[in-house]
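I would like the entire structure built from these sequences, with the hints used as guidance.
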Amino acid sequence: MDLASQLASQTHSLPFEFRALEAILQHTVNTLQARLNDVEPVILDTLESLVDPKILSADRSKLHILLQNSKSLSELETDIQVFKDSLLKILDEDEIIEELCLTKWTDPRVFEESSLGIDHAEEMELLLENYYMQAADLGNKARELKGLIDDSESVIFINLDSHRNVMMRLNLQLTMGSFSLTLFGLIGVAFGMNLTSNFEEDPRVFWLVTGFMFLGSGLIWRRLLSFLGRHLDPSVPTLIPPVWKRNLKTSDIKAGVR
Amino acid sequence: MDLASQLASQTHSLPFEFRALEAILQHTVNTLQARLNDVEPVILDTLESLVDPKILSADRSKLHILLQNSKSLSELETDIQVFKDSLLKILDEDEIIEELCLTKWTDPRVFEESSLGIDHAEEMELLLENYYMQAADLGNKARELKGLIDDSESVIFINLDSHRNVMMRLNLQLTMGSFSLTLFGLIGVAFGMNLTSNFEEDPRVFWLVTGFMFLGSGLIWRRLLSFLGRHLDPSVPTLIPPVWKRNLKTSDIKAGVR
Amino acid sequence: MDLASQLASQTHSLPFEFRALEAILQHTVNTLQARLNDVEPVILDTLESLVDPKILSADRSKLHILLQNSKSLSELETDIQVFKDSLLKILDEDEIIEELCLTKWTDPRVFEESSLGIDHAEEMELLLENYYMQAADLGNKARELKGLIDDSESVIFINLDSHRNVMMRLNLQLTMGSFSLTLFGLIGVAFGMNLTSNFEEDPRVFWLVTGFMFLGSGLIWRRLLSFLGRHLDPSVPTLIPPVWKRNLKTSDIKAGVR
Amino acid sequence: MDLASQLASQTHSLPFEFRALEAILQHTVNTLQARLNDVEPVILDTLESLVDPKILSADRSKLHILLQNSKSLSELETDIQVFKDSLLKILDEDEIIEELCLTKWTDPRVFEESSLGIDHAEEMELLLENYYMQAADLGNKARELKGLIDDSESVIFINLDSHRNVMMRLNLQLTMGSFSLTLFGLIGVAFGMNLTSNFEEDPRVFWLVTGFMFLGSGLIWRRLLSFLGRHLDPSVPTLIPPVWKRNLKTSDIKAGVR
Amino acid sequence: MDLASQLASQTHSLPFEFRALEAILQHTVNTLQARLNDVEPVILDTLESLVDPKILSADRSKLHILLQNSKSLSELETDIQVFKDSLLKILDEDEIIEELCLTKWTDPRVFEESSLGIDHAEEMELLLENYYMQAADLGNKARELKGLIDDSESVIFINLDSHRNVMMRLNLQLTMGSFSLTLFGLIGVAFGMNLTSNFEEDPRVFWLVTGFMFLGSGLIWRRLLSFLGRHLDPSVPTLIPPVWKRNLKTSDIKAGVR
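Quick mapping for you: the protein sequence lines, in order, are chains Y, V, L, G and C.
In terms of UniProt numbering, the first sequence opens at residue 1 and continues consecutively.
In terms of UniProt numbering, the second sequence opens at residue 1 and continues consecutively.
In terms of UniProt numbering, the third sequence opens at residue 1 and continues consecutively.
In terms of UniProt numbering, the fourth sequence opens at residue 1 and continues consecutively.
In terms of UniProt numbering, the fifth sequence opens at residue 1 and continues consecutively.
I should point out that these hints are in silico values taken from the structure, not numbers from a laboratory.
Computed from a predicted model, the values in this text were never measured in an experiment.
Any given hint could be a false lead.
[Unchecked claim] With beta-carbon atoms standing in for the labels, derived distance ranges:
#, chain 1, residue 1, chain 2, residue 2, range
1, V, Gly218, Y, Leu219, 21 to 27 angstroms
2, C, Ser49, Y, Ala23, 51 to 57 angstroms
3, L, Ala20, V, Asn30, 41 to 47 angstroms
4, C, Asp38, L, Glu129, 50 to 56 angstroms
5, L, Asp45, V, Leu88, 35 to 41 angstroms
6, V, Leu91, L, Ala20, 30 to 36 angstroms
7, C, Asp94, G, Ile24, 24 to 30 angstroms
8, G, Glu17, L, Glu129, 35 to 41 angstroms
9, V, Gly218, C, Glu201, 38 to 44 angstroms
10, Y, Asp59, L, His27, 56 to 62 angstroms
11, V, Pro41, C, Glu122, 56 to 62 angstroms
12, C, Glu201, Y, Leu219, 32 to 38 angstroms
13, Y, Leu126, G, Ala121, 38 to 44 angstroms
Built from N, CA and C at the ideal position, the CB exists for glycine as well.
Structure below.
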């Protein structure tokens with residue numbers, strides 16, 4: 001920015017077409033920058049609240065906002081690319097730059113006047129390159145933002161999946177408990193039948209069977225839980241080496257060719 | 001568009017081959033535009049209804065329509081690319097442009113006649129470039145539409161996953177309730193057994209046990225629910241700094257090199 | 001194809017090396033086309049049956065076939081790319097084309113004989129370009145097929161997820177019913193205990209309690225279902241504007257630069 | 001390979017720098033090939049066992065191996081790319097090739113000696129191009145392998161999702177059965193209450209109520225199952241046309257421009 | 001690195017502008033390298049703990065760290081790319097390199113002095129190329145790291161999905177058990193009704209019905225489990241050939257063209 005303003009103050013001594021072109025380019029870059037400034041904070045805020053590990057389900061209105069701004073970002077990226085391509089095309093063809101320097105064509109004195117050692121065409125090129133750099137910076141920022149949305153979406157998915165797994169384990173543990181209770185409750189149901197079991201009169205049997213029902217279901221539940229624990233954490237592979245420490249020394253190959 | 005019609009009125013004074021080529025190019029661009037206009041609203045409408053956060057499951061016929069139009073869009077993108085490549089190839093080789101200017105070759109007078117300062121070859125180049133720009137615009141729109149489909153699919157997945165998590169939490173809460181009821185129902189089943197518990201005659205025990213069953217299961221349920229709440233919202237990390245606020249000042253590095 | 005056969009009939013009057021080269025190129029393109037024709041219908045059929053919205057789970061043998069043909073398609077794409085690169089390299093270097101025109105070098109008469117206004121080198125270039133175009137068409141078709149596989153996989157995932165959500169909602173609704181029945185069944189269990197409730201002799205109490213159990217669980221179930229309905233369809237955001245209708249007029253910016 | 005050895009035997013008559021350079025290039029290509037040969041069978045075997053449709057959950061140690069080898073493959077791809085870029089850079093600058101032909105500079109006789117019609121610089125170029133082709137082949141194979149990993153991961157996900165859907169449907173069907181049994185079991189619980197229903201003495205009522213409980217729950221289950229069947233297979237859209245048969249004739253457009 | 005220090009010692013005899021430029025380039029490369037060294041171990045450690053197959057749900061704070069560093073990596077990649085582009089632009093335009101060699105312009109003696117056979121411009125080019133190579137290496141490492149994050153995310157998803165499938169199968173097996181127990185428990189509930197079944201006095205019936213309940217539910221459970229086993233492992237297709245062994249000999253086609 002400061003470079004641009006500094007350049008702007010310099011070019012006051014420059015011919016009209018420079019100042020006109022610079023005004024146009026500056027306005028375009030400012031518009032693009034303003035659009036990025038509009039979109040960036042909204043996307044960052046929305047992502048910030050969406051990747052929040054505490055949330056169980058993504059807020060749908062936030063997703064809507066993200067989708068809208070993601071679309072605006074795509075359009076902005078396209079416009080920056082078109083702007084960059086236009087500048088690049090002018091920069092690639094020297095004739096067009098020469099033609100842009102109108103003053104040189106109309107006013108022959110200008111040709112000798114350039115005391116700085118660089119003629120107008122080169123100055124024009126520097127001007128265009130400066131705005132190309134600014135546009136490229138905007139384009140890079142837009143691309144990074146796009147990548148951030150993708151990365152965040154992966155994190156949102158992992159978050160949602162993790163929540164689901166945690167809930168499913170809790171559910172499974174409760175299902176195990178319910179199963180144990182149903183299994184041993186069947187004993188109670190059996191003794192509740194209007195059939196003679198010949199234990200009817202023994203007062204100890206009530207407490208014995210009741211205790212067996214509760215203790216039994218508790219024990220079975222504990223065994224199921226520990227089975228689940230072993231099943232999910234297969235106390236595995238301290239043998240498996242970590243993935244990333246193996247730094248293949250491949251630099252020899254590269255060095256051999258250059 | 002208006003630029004094209006304006007250009008068309010200008011070129012009436014131009015030689016025959018210009019008008020012929022322009023008619024062909026205009027027709028091709030119109031066809032491509034018409035195909036994009038066919039596909040775009042259908043895709044936008046379908047996506048609009050698919051990303052609707054209220055829906056629990058994606059409408060399958062909508063998915064079918066989306067897939068069909070996504071395929072058409074791919075084919076359109078290919079055709080636009082082929083059209084652009086063809087134009088670019090002609091633009092890259094000056095000889096071909098010269099050869100396209102048939103009039104110059106047959107009618108020697110034309111060579112001097114061009115009063116505008118640009119000869120026919122340059123005019124031909126401008127004509128081709130104009131249509132190249134139009135095709136590039138169409139290509140950009142098609143690419144943005146493609147990106148929108150991808151973004152929307154991510155949002156659809158997050159929506160479906162969120163719904164599932166919400167339902168799973170409700171399911172888990174009910175499973176917790178059922179577990180509590182089963183656990184304390186076992187007491188009732190125990191007292192329902194045809195065994196002597198020596199409480200049979202005490203009228204207060206009925207109300208005591210019944211109250212214990214209902215209150216106990218209610219209490220256990222509440223504890224399980226609060227445990228779930230703590231388990232899923234780990235009141236964590238106000239320590240964790242937000243991701244995006246850290247704006248690394250990397251501009252120094254860039255500035256150092258240029 | 002017809003262009004090729006037409007060209008083939010023309011070239012009978014052409015020197016030997018043209019006919020030889022054309023035979024080789026034609027054979028290569030035919031082989032590539034045949035491989036694409038092998039792979040394309042299998043992939044389309046497999047995708048057609050996999051994206052079928054009626055299926056609950058993907059047919060695994062179909063997935064196997066898809067994976068195999070997807071691999072063949074990748075290899076085909078590579079081969080087409082290699083073929084295109086080879087042709088492009090020859091087309092880029094004029095000397096190689098000149099060298100390919102053997103007749104010109106051995107038979108000096110041929111040099112003047114070309115009455116069509118284009119010499120052999122240009123004809124050779126046209127020949128190579130023709131086959132380059134055919135290869136590019138094949139490459140585009142392979143790329144579109146690849147994109148179709150990707151799009152279809154997304155649709156398959158959305159289909160599977162949708163099915164799962166529908167099943168999960170049904171499951172949740174049944175869990176709600178079971179919960180209500182268990183809750184009110186506890187009353188029955190309480191009255192089934194061998195304890196004195198002092199209602200034993202009243203004949204109306206049986207019907208009252210039984211009716212309360214069934215009606216109560218029915219009512220609670222209905223309330224839970226309507227709660228689920230409200231929870232999942234949050235009658236939300238008619239306020240949220242549709243995403244796609246906002247057509248930012250960004251054409252001004254583009255127009256300003258060109 | 002055979003081409004290389006054949007070339008090697010030819011070049012024995014060639015100057016020293018050719019044989020030296022060839023030895024270096026051959027060694028580099030061999031090293032890259034060896035690394036690809038290391039990684040490829042492991043990845044193929046691992047993927048083969050991971051995409052196995054019979055497995056319910058992915059083997060984690062296999063995933064670990066896949067991740068390790070996928071990393072090695074990425075590094076290999078980078079090294080191949082660096083090698084290719086180096087060769088390409090030399091091939092692009094004719095001066096460097098000239099400089100590599102040391103013999104020409106020191107031994108003036110060599111200049112005329114080349115009887116084959118191609119001088120040393122061209123021979124050097126052919127040598128470099130040959131190894132560039134070999135490296136490009138390796139690069140293509142690595143890229144195909146990378147694509148195969150991606151495709152296989154999609155298939156693994158579809159497999160896991162399919163398994164989950166199948167299990168969820170079984171679970172839902174059992175939940176339906178449990179719901180029916182609980183619903184009609186409530187009748188039994190009602191009659192099990194210590195309350196007077198005035199049916200106590202009628203011996204037919206026992207069989208009537210028992211039969212009603214079992215038949216009723218069976219019937220309700222059957223209705224729920226058929227409801228599920230209808231809900232998931234919505235006997236839909238024979239109206240919906242297949243996606244892929246619609247072959248848009250877009251060739252006219254392409255033909256019109258070329 | 002050693003190459004750089006070696007080059008540094010050489011250039012002490014070189015003019016001032018070389019040493020200045022080298023200091024700037026070295027500082028930039030060092031800064032980029034330091035940023036990569038900051039980010040790389042954190043990402044590797046985080047991924048290492050996230051792809052751990054034993055974990056059921058991803059650690060959210062780890063995901064947060066990954067997301068932050070992934071963002072830093074993106075910014076680093078952009079900066080490396082900008083640095084590379086700047087160097088490449090200078091390398092592509094010989095005039096700029098000439099202009100950078102200030103000494104040549106001011107001190108005419110230098111022109112003849114270069115005894116090594118390479119003039120200052122070439123030496124400048126070598127210097128720039130050396131740093132370009134270093135930046136390219138950094139860029140490749142950043143890209144590989146990025147790819148590793150993507151691959152790891154896939155593995156995390158497969159891990160989470162696998163865990164879920166394992167838990168769902170356990171859940172399904174327990175639901176089957178609960179269903180069997182509920183089904184046969186209904187018999188007990190039926191006999192628990194206060195209705196006359198005429199079996200009340202027979203002492204064998206109690207044991208018969210109780211045994212039938214437990215054995216029956218056990219048998220039904222076993223059948224359901226074996227049904228599940230058959231349903232999920234469809235003893236399939238030893239007929240299906242492995243995907244990867246089919247090595248299409250496509251080399252003929254490639255060989256035919258070159």
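Checking against the hints above, which ones are violated?
-> Of the numbered hints, all hold.
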